[in-house]
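Residue numbers (the working numbering), protein chains in the order written: chain A, 3 to 101; chain B, 3 to 101; chain C, 3 to 101.
EDC-like cross-link-like pairs, simulated, lysine to aspartate or glutamate; straight-line CA separation at most 20 Å: (1) C:Lys-67 with C:Glu-79; (2) B:Lys-33 with B:Glu-92; (3) A:Lys-67 with A:Asp-26; (4) B:Lys-67 with B:Glu-99; (5) A:Lys-33 with C:Glu-16; (6) C:Lys-33 with B:Glu-16; (7) B:Lys-33 with A:Glu-16; (8) B:Lys-67 with B:Glu-79; (9) C:Lys-33 with C:Asp-98.
Because the hints were derived from the structure by calculation, they are not lab data.
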Amino acid sequence: LSFASKKLLTLVSEAALENRLIRDVLACGAKGYTVSGARGTGPRNQRNGDLEGGNIRIEVVADSKTIDQIIDLVQREYFPHYALSLWISEVSVLRDERY
Amino acid sequence: LSFASKKLLTLVSEAALENRLIRDVLACGAKGYTVSGARGTGPRNQRNGDLEGGNIRIEVVADSKTIDQIIDLVQREYFPHYALSLWISEVSVLRDERY
Amino acid sequence: LSFASKKLLTLVSEAALENRLIRDVLACGAKGYTVSGARGTGPRNQRNGDLEGGNIRIEVVADSKTIDQIIDLVQREYFPHYALSLWISEVSVLRDERY
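Okay, chain A solo, but in the shape it has when bound (with noise of 0.2 Å):
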C-alpha cells in the first residue's frame, strides 16, 4: 500500500452557500469533494441550520497549495459576510493523481 500525504479540509456553512462554496472549491483545483446535511451553533451565533435548509459540511482532500488557495478565498470572501466554520488535518490516500 503507497500512500500520499494529503490535507482535509471541513467547511460547516448554512446549506444556502453550498453552490457557491462547491463552485469556487473547485475553481481553486480540487478534484472532487462530499457534502453532508448538518446543523449546529458556533460563537455569538443562534443555532443554525434550524431554518432556511440548515448547514452543509463539505469535506475537501487535497494538497497543501490548493486547501491554502481555498481557505485564502474563504477568509477574504466568506469570512467577513457569514457564519462559516473551518479546520484542517492530515490524511493519508492512496491513488494520488486523484486528490
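Chain A is already provided as a structure; the job is to place chains B and C on it using the hints.
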C-alpha cells in the same frame, strides 16, 4: 494564513442524547458544535440508528483543556449507561478565538 | 484519561454499496462503523449522489492492521469497478478494546 492547533472531538451516540450532549459540551466551554445524522454499530451492539430516530455524530473543535473536560464528563456520566463512541484528532484552524 | 492511537478510515461511495462495504469492513476485523448520507463528486465523475439514492460516508476506527486489510480489499475489489474515495487519519480513543 495563520493557523492555530486545536482538537477535533467526534462523538457518536443515539439521537435521543443529542440535547443532553450538546448542553454538556457547551457547559464544558466549547463555543460551537456540528451535528449530523448517522447510523452504525459498535462492539456488542445491535445495529443502532435504524430504530428510534437513529444516531447522531457531534463534532466539536476546541482547545485541549475543553476537550479533556468533555471526555472526562462523557466517561463518567455516559459510558456506564449508553453506547457512545468517540475519537479525537489534531486539527488546524484560523481565527483562534472562535474555538 | 488514557488514550490509545488508532486509525480513522473514511470511505465515500455510492449508497448501493453500503451493505457490501459494511460486510467487508466487519469481515476484516472492524468492531464498529458509522454511516452517514452524503453527495459529491470526484475526478472524472459526474456529480454523484444526486441520483440513485445518493452517496454514503462510512467511518471506521480500528488498529492499523485492520485498516490496512480493509484498504487492501477495497483496492482489489472496489477500485477497478466503482467510484470510491478513501482517506486515513490518526485518531486517539479511550477504551482501546472497543476498536
